[in-house]
Structures are given as structure tokens and as C-alpha cells.
Amino acid sequence: DIQMTQSPSSLSASVGDRVTITCQASQDISKFLSWYQQRPGRVPKLLIYDASNLETGVPSRFSGSGSGTHFTLTISSLQPEDVATYYCHHYDHLPPAFGQGTKLVIK
Amino acid sequence: HVQLEQSGAEVKKPGSSVKVSCKTSGETFNTYNIAWVRQAPGQGLEWMGRISPVHEISNFAQSFGGRLTLTADTHTSTIFLELNSLRSEDTAMYFCATEGKGRFLQFLHDWGQGTLVTVSS
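So the sequences go chain by chain: A and G. Our numbering puts the first sequence at residues 23 to 129. Our numbering puts the second sequence at residues 12 to 132.
If we strip away everything but chain G, and leave its shape as in the complex, we get (with noise of 0.2 Å):
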């Protein structure tokens, strides 16, 4: 299994950036995908995007219109999410987790413990 550890809670104001963190550790960081779920408020999970950090490639959510930005770190096995032009529609739980091996695209496995983003004036 992979341990994920994301940073913490961020509060931004609307049209700002933000950028959460994912450190992994437990397995061969090049060796699995990442991707990004996200949650408002009492509501459901969101497919946001994810990362193959071998590859470096990403896929995104076209709802995100070129808003979302993922990196990888190899060195320091962290991925970071980085979402601009903040709206109040983006406070939401961010949560990143691991995909599944053996695929072009999987289910996801692991997941960390999620970041708390607020957008608010």
C-alpha cells in the first residue's frame, strides 16, 4: 500500500491561486498514477484530473477549463495540485489517491487524508 500525506488546509480569496501537496511513500513512487477527487460540501466526489509522474502526462476534467495544473516531484515523491482564478465554487475537500496498477486508467486504491481548500472574500 501507499501512504499519502497532504498538506493542510488552505483559505484563499476568489481569483487566487492554489497549490496542495500529495507526499507518497511506501511503494516505488514512478510506479502508479495519481489522481485528484474533490468534494464540496455535502455533496459527491468529483473526478478533477490525474498524473502519471513517469509518463508526465496528465488528463483533466474539461469542467476545470484549463484551471488545473498537476506536477510531480520524483526526488521528494510529492505531487502538487495547483488551481487558479479561485471561485467560491471551489471550496471543497481535495483528496488525492493512487490508482491501480495494470492499466491505462484504474480504480483507485490509496487515498490521502484530504485538504481542506475555502475560497471566501
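Same shape as in the complex, but just chain A (with noise of 0.2 Å):
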């Protein structure tokens, strides 16, 4: 099974600031990786899919790349509302898995 690999597992920065989270998967998994975000105590939401395609009605300012096994998500200027856990999550072939989770919150 794939294995993925979140960093870092928490994260402080203030608003405004570029924000990057890098997920690893274990193996090639082309471009088969989805991002969520889950503030506290509600549901997860879709983020980007495919890598680096953002979820219509999702902000401009969140970004997705990578392919293989390297992917990394940025948020360009960091909001208060963008307080929240991130995962990733690999879909290329069962059974599909998450990254551990980042922690965001603001400095």
C-alpha cells in the first residue's frame, strides 16, 4: 500500500504570509492527489484535485502542483479563515490513502 507522507505536522504564520505544505507518496502516483481542508469541528472540504486543479468556488490564492511523488499545496497570503487541518490524499489505485494531516494556525 501506498504510504503518505505529510510535512510539516504543524504549522504557525501570520496572515499574509506564503504558506507551503509538501505531501510525499511512497510511489509514482502520477497525478492522482486531492488536498482537503478541515476547520475544527466541521467537514472536509475539497481543495484541489488532480494535483493542481482548484475545486470550483475555492480562492484563487490556494495552488497545487507536483506529479510522481512530490506534491506541495500553497496558500499564497495566508487568512484568518484559512485556519484549518490540511490532507492530502492519493487516489491513483487502491486502496487510496491520506497524509497524516498539517495543523495551520495563525501566529
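It is worth saying that the hints were derived from the structure and are not from the lab. All C-beta atoms in this analysis are idealised placements derived from N, C-alpha and C, irrespective of residue type, glycine included. Where hints are given, some of them may not hold.
Unchecked claim - Restraint-style ranges between C-beta atoms, simulated for each label pair:
no. : chain 1 : residue 1 : chain 2 : residue 2 : range
1   : A       : 83        : G       : 42        : 28 to 36 Å
2   : A       : 53        : G       : 73        : 21 to 29 Å
3   : A       : 35        : G       : 82        : 39 to 47 Å
4   : G       : 41        : A       : 125       : 32 to 40 Å
5   : A       : 94        : G       : 124       : 28 to 36 Å
6   : A       : 36        : G       : 68        : 44 to 52 Å
Unchecked claim - When the alpha-carbon atoms are kept at most 27 Å apart in a straight line, the in silico DSSO-like pairs for lysine-lysine are as follows:
no. : chain 1 : residue 1 : chain 2 : residue 2
7   : A       : 125       : A       : 67
8   : G       : 34        : G       : 112
9   : G       : 112       : A       : 53
10  : A       : 67        : G       : 30
11  : G       : 34        : G       : 23
12  : A       : 67        : A       : 129
13  : G       : 24        : G       : 34
14  : A       : 67        : G       : 112
15  : A       : 53        : A       : 67
16  : A       : 53        : A       : 125
17  : G       : 34        : A       : 67
Both chains are sitting in their own frames, so use the hints and assemble them into the complex.
What follows is the structure, given as C-alpha cells:
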């Protein structure tokens, strides 16, 4: 099974900062990687699919890149409402798997 | 978009079973697969399995060792998750979610509100 490793596990940044979260797959997963945002006490929300496609309605400050085994989620200018835990998720083949999550807080 | 409405919270004894429902609406039922994801308190997301209602095919994470059953009722557009031989470690929020279309396996697009299952003696 493919293992997904996110870094960092937690992150503190200031409003307006550029934030980058990385996700490493233990095998090549091509472009089949999505990112989710889970605000405290809320349901996960799809942000990015196929590594770099922005889901409809998601603010353009969010972007994704990468292919193969190395992927990144970038927030170009951090906003207070971005406080959340972020998860990557591969769906290249069964079984799909999530990263362990990155908790983002405002400094 | 698909709307997913899950059944209410459950409290179960160790060794018993739980059945959680996920009623869908908004798009033709047989045009998407449904996955189940759970989240233990304070922990991350864990993929459990998925079902293709039109093909009546399910796939499961090996970690559930045959304890997990997924079924679909096409008349009511409802998916059911049944987990038996419950343990305290099964205490979690259980989410259903639609998979995107166009490929055998996809990202998770629309999510239910979650069902809290508590396993306690």
C-alpha cells in the first residue's frame, strides 16, 4: 500500500504569509492527488484535485503542484479563515490513503 | 453537487454492530461511487471502503478484516455502512462522500455531515 507523508505536521504563520505544505508518496501516483481543508469541528472540504486543479468556489490563493511522488499545497496569502488541518489524499489505485494532516494556526 | 444526509449518533457496546446510513440526493444515484472515511477523536482521516451502486461492487481497507459491509438501496438512494465486532478503537466520526466521476477511483467531492459512533461498555 502507498504511504502518504505530509510535512510539516503543524505550522504557525502570520496573516499575509505564503504557506507551503508538502506531501510525499511512497510510490509514483502520477497526478492522482487531492487536498482537503478541515476547519475545527467541520467536515473536510475538497480544495484541489488531480494535483493542481482548483475546485470550483475555492479561493484562488490556494494552489497545488507536483506529480509522481512529490506534491505541494500553497496558500499565497494566509487569511484568518484558513486556520484548519490540511490533508493530502492519493487515489491512484486501491487502497487510497490520506496523509497524517498538517495543522495550520495563525501566529 | 450531491447532498448527503447521514443518520444520527450511535452509542454501542463492544462486540456489537452498528449500521450507519447515507441518503443521497441531487444527482442520479447510480452515476457515482460512495466512499466511507472515518476520523477518531483528535486523529486524521482514514479511508474505510467504497461502493459502486450500479455495479454492486465494494472495496475495503484490509485493516477491517471482514468486519465491514457496504450496501446500497437504489429505491431510496441510500448507502449503508455496517461495522460489526465493535471495539473501543472504532469510536470515531464516520463520513460518507461521493467520488468524482470519469475514472475508476477518484477524489472525494461531496461529503455528508458525519455520524458519531461511540463504542463504550
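These are the hints, each one checked on the structure:
| no. | hint | verdict |
| --- | --- | --- |
| 1 | A:83 / G:42: 28 to 36 Å | 32 Å, holds |
| 2 | A:53 / G:73: 21 to 29 Å | 25 Å, holds |
| 3 | A:35 / G:82: 39 to 47 Å | 44 Å, holds |
| 4 | G:41 / A:125: 32 to 40 Å | 38 Å, holds |
| 5 | A:94 / G:124: 28 to 36 Å | 30 Å, holds |
| 6 | A:36 / G:68: 44 to 52 Å | 48 Å, holds |
| 7 | A:125 / A:67 | 15 Å, holds |
| 8 | G:34 / G:112 | 19 Å, holds |
| 9 | G:112 / A:53 | 16 Å, holds |
| 10 | A:67 / G:30 | 25 Å, holds |
| 11 | G:34 / G:23 | 22 Å, holds |
| 12 | A:67 / A:129 | 23 Å, holds |
| 13 | G:24 / G:34 | 25 Å, holds |
| 14 | A:67 / G:112 | 17 Å, holds |
| 15 | A:53 / A:67 | 19 Å, holds |
| 16 | A:53 / A:125 | 24 Å, holds |
| 17 | G:34 / A:67 | 19 Å, holds |
The structure meets every hint from the earlier list without exception.
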